[in-house]
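A.B. asks: Could you build the full structure based on these sequences and the hints that come with them?
Chain by chain, the residues run as shown.
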Amino acid sequence: MIQNTRDETLGRAADLATRWSFMMPSIILLLVTLAYPIFYTIDISFSTFDITTFGAGEWVGWANYEEVLNDYRFWDALKVTLVYLVIALPLQVTLGFAIAFLINAEWTGRGMVRALFIIPMVVAPVVAGGIWRMILDPLWGLMNYALQSISIGPLDWFGDPNLAMAAVIIIDTWRWTPFIVLIATAALLALPKDVFEAAKIDGANWWATLWSIALPLLIPIITATFVIRWLGAVKMFDIVLAATYGGPGKATNVLNLFIYEEAFRSLRFAESSAMAVIVLVLTMVLTGIFLYGSRKLEKRF
Amino acid sequence: MGTVDIRNVRKSYGNVEVLHGVSLHIEDGEFVALVGPSGCGKSTLLRMIAGLEDVTAGDIVIGDRVVNHVAPKDRNIAMVFQNYALYPHMNVRDNMGFALRQRRTPKPEIENRVNSAARILGLEHLLDRKPRALSGGQRQRVAMGRAIVREPNVFLFDEPLSNLDAKLRVQMRSEIKELHQRLGTTTVYVTHDQIEAMTLADRVVVMNGGVIEQQGPPLELYDNPASRFVAAFIGSPPMNFIEGTVIDASALCLDDGTKLQLPMTDLASQTRVTIGVRPEHFELSSAGWPATVSIVEPTGSETQITARIGGQIVRVLIRGRTFVRPGEVIHLTVPADFVHIFDDDGAHGIQVGTRGAKKYA
Chain L
255 MIQNTRDETL GRAADLATRW SFMMPSIILL LVTLAYPIFY TIDISFSTFD ITTFGAGEWV
315 GWANYEEVLN DYRFWDALKV TLVYLVIALP LQVTLGFAIA FLINAEWTGR GMVRALFIIP
375 MVVAPVVAGG IWRMILDPLW GLMNYALQSI SIGPLDWFGD PNLAMAAVII IDTWRWTPFI
435 VLIATAALLA LPKDVFEAAK IDGANWWATL WSIALPLLIP IITATFVIRW LGAVKMFDIV
495 LAATYGGPGK ATNVLNLFIY EEAFRSLRFA ESSAMAVIVL VLTMVLTGIF LYGSRKLEKR
555 F
Chain R
132 MGTVDIRNVR KSYGNVEVLH GVSLHIEDGE FVALVGPSGC GKSTLLRMIA GLEDVTAGDI
192 VIGDRVVNHV APKDRNIAMV FQNYALYPHM NVRDNMGFAL RQRRTPKPEI ENRVNSAARI
252 LGLEHLLDRK PRALSGGQRQ RVAMGRAIVR EPNVFLFDEP LSNLDAKLRV QMRSEIKELH
312 QRLGTTTVYV THDQIEAMTL ADRVVVMNGG VIEQQGPPLE LYDNPASRFV AAFIGSPPMN
372 FIEGTVIDAS ALCLDDGTKL QLPMTDLASQ TRVTIGVRPE HFELSSAGWP ATVSIVEPTG
432 SETQITARIG GQIVRVLIRG RTFVRPGEVI HLTVPADFVH IFDDDGAHGI QVGTRGAKKY
492 A
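Taken in order, these protein sequences are the chains called L and R. First residue of the first sequence: 255, per the numbering used here; consecutive thereafter. First residue of the second sequence: 132, per the numbering used here; consecutive thereafter.
Source of the hints: derived by calculation from the structure; they are not laboratory data. Any given hint might turn out to be false.
Unchecked claim - In silico EDC-like pairs for lysine to aspartate or glutamate, Cα to Cα no more than 16 Å straight-line: (1) K553(L) / D259(R); (2) K454(L) / E184(R); (3) K298(R) / E282(R); (4) K454(L) / D205(R); (5) K261(R) / E552(L); (6) K504(L) / E515(L); (7) K204(R) / E290(R); (8) K204(R) / D330(L); (9) K504(L) / D330(L); (10) K447(L) / E184(R); (11) K454(L) / D185(R); (12) K308(R) / E290(R); (13) K261(R) / D225(R); (14) K308(R) / E161(R); (15) K204(R) / E184(R); (16) K204(R) / D448(L).
C.D. replies: Next up, the structure:
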């Protein structure tokens, strides 16, 4: 009897060891690549930055945060980021699903168009920024040439603050809408066909089918896409870097570019770490609120 | 008027023709079952009546109107789908009222019609539930309710019971039959289950390979199958087939040399034929076709015996109980009226000796 329980304890220990040994590699990998940088950043954000050890120096508490929050440039960058998010995200998601809905219909050449849609995603963001810089060039860019033929312009895409923001959003939309089209196409294909046939027999027209059947069925996918895109958009950096470098003035200076500038140009690592932590917390809170809201929305349908 | 007239209808997908000219007239109030193996074109035909598939050639007439190019919603039909096709985000009430809302029917009338359909189907207590909170049988009932509410001229059912378990299927089968008797609406019902077709329909249409093999009242098909295919398809357990060559007008020589005396005397000698006998029409006797018993399966009310006649397997259904044992040789006789003879033309063998009808005439 006693022998039995001892065997059992041993067996359980061996089982536990096996489990942990299987999990260990990924745990270590996650700790090294994810947890360490985060804690390193948090550590620096509460300290002075010691350039000789390239690590945290003296503990200064909330001082870095105070300085950041009192810096009008931080608030400006935050505002620019929010403007970009509020315009770009709904635009991309709406456009993505609309295009998917259209190219989902049976027509010749559909496969070709689908293939073409992949291209923007595989172009490196910096290259995309460069290409669009040329397209939007005020003097010899294609865009102004095209606009001129319908008597608009010439527009100073990178000189005017509002137009520069528009340019960034256009480039970002060009790059990311295909990704949403791809997800939306898969979602549309996965929708049950017979429900739409039932709607057809029930007399639903195109609009009713879209509004009363397709959209409610797509709500979970739309919200999921929104979250994925939102998490990507918060990190917006590369396109701005290549296309406008935050200009003109600070009109397109998104937070990440500002953080990058502060850290690696002005060498104010402690303050930029504080900003990075603020962005992290803000993102987490907003994502939480968004997920909560979307779950509510899903329940309504 | 709920008549449906299908006139020489063909359907092709690209170069592949799946319906090769089907003609069928359905009377007002009639319950017609389209039955056949998968791929025989029965669902395609139903979907063409519904307007979900184009008509390649021929005409489909509902009432007195050719509907080939009429949109599904304007055909005044209602369809019940195999997977129910309920709108998952709407509750039962909204599911049933959707079609009426699309037609801008006044709210109180929608309410009335949904409630009365719910009453007929016993769904009153489920009206506020979403489809996912319903059992399979309840979903099926909601799908039928959605059809009833529209008060259509024709009901179309596309294998509505195949997703239900056996017990529920039998129950829903009687509910559908009761519903039809109560409403008297023309019904076209597609199924691959011959029992469903036999029990429900006024007329059974057996399809195979894109053509109608035979149509008629259920028992007519059972008694007088026009072809070997229909004979094999209708009836459970299926009809036995014994192949051989006729020698001297009333005897059959099987491939292994066994000779069977036939109860008829008018067959052309030296022709290849297939003899068809339903399991329930065999009788045990002291003289007759010798068969070696291999399996005996008693079910209480009847006993199924599997035996071999000259190397060919036959199933025999005996009412009540029997004390036959495996390995034993039994003798089987069949009254002449129950012997079907098909010419030897593959699965489409045509009945040449029609005897069954006399028995019931």
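A.B. asks: Hint by hint, note whether the structure agrees.
C.D. replies: Hint-by-hint comparison with the structure:
A hinted pair counts as satisfied when its Cα atoms are at most 16 Å apart, and K553(L) with D259(R) qualifies at roughly 14 Å. Restraint check: the Cα-Cα separation between K454(L) and E184(R) comes to about 12 Å, which is no more than 16 Å; the hinted pair holds. For the hint pairing K298(R) with E282(R), the CA-to-CA distance comes to about 29 Å; that exceeds 16 Å, so the pair is violated. Distance restraint check for K454(L) and D205(R): the Cα-Cα separation of roughly 10 Å lies within the 16 Å cut-off, and the hinted pair is therefore satisfied.
Between K261(R) and E552(L) the alpha-carbon distance is near 13 Å, which keeps this suggested pair within the 16 Å criterion. Between the alpha carbons of K504(L) and E515(L) the distance comes to roughly 12 Å, so the proposed pair stays at or under 16 Å and holds. With a CA separation close to 21 Å, the supplied pair K204(R) and E290(R) exceeds the 16 Å bound. Distance restraint check for K204(R) and D330(L): the Cα-Cα separation of roughly 56 Å exceeds the 16 Å cut-off, and the hinted pair is therefore not satisfied.
Pair hint K504(L) plus D330(L) holds up; C-alpha atoms about 8 Å apart against a cutoff of 16 Å. The straight-line distance between the Cα atoms of K447(L) and E184(R) is roughly 13 Å, inside the 16 Å bound, and the hint therefore holds. A threshold of 16 Å between alpha carbons decides the hint, and for K454(L) with D185(R) the separation of about 14 Å falls inside it, so the pair holds. With a CA separation close to 14 Å, the supplied pair K308(R) and E290(R) stays within the 16 Å bound.
Proximity of K261(R) to D225(R) is assessed by CA-CA distance (about 9 Å); at most 16 Å being required, the pair is judged to hold. Distance hint between K308(R) and E161(R) is fulfilled; the C-alpha atoms sit about 12 Å from each other, no more than 16 Å. Only pairs whose Cα atoms come within 16 Å are accepted, and K204(R) paired with E184(R) is accepted, the gap being roughly 13 Å. Straight-line distance between C-alpha atoms of K204(R) and D448(L) comes to about 15 Å, which keeps the hinted pair within the 16 Å bound.
In summary, the numbered hints that this structure violates are 3, 7 and 8.
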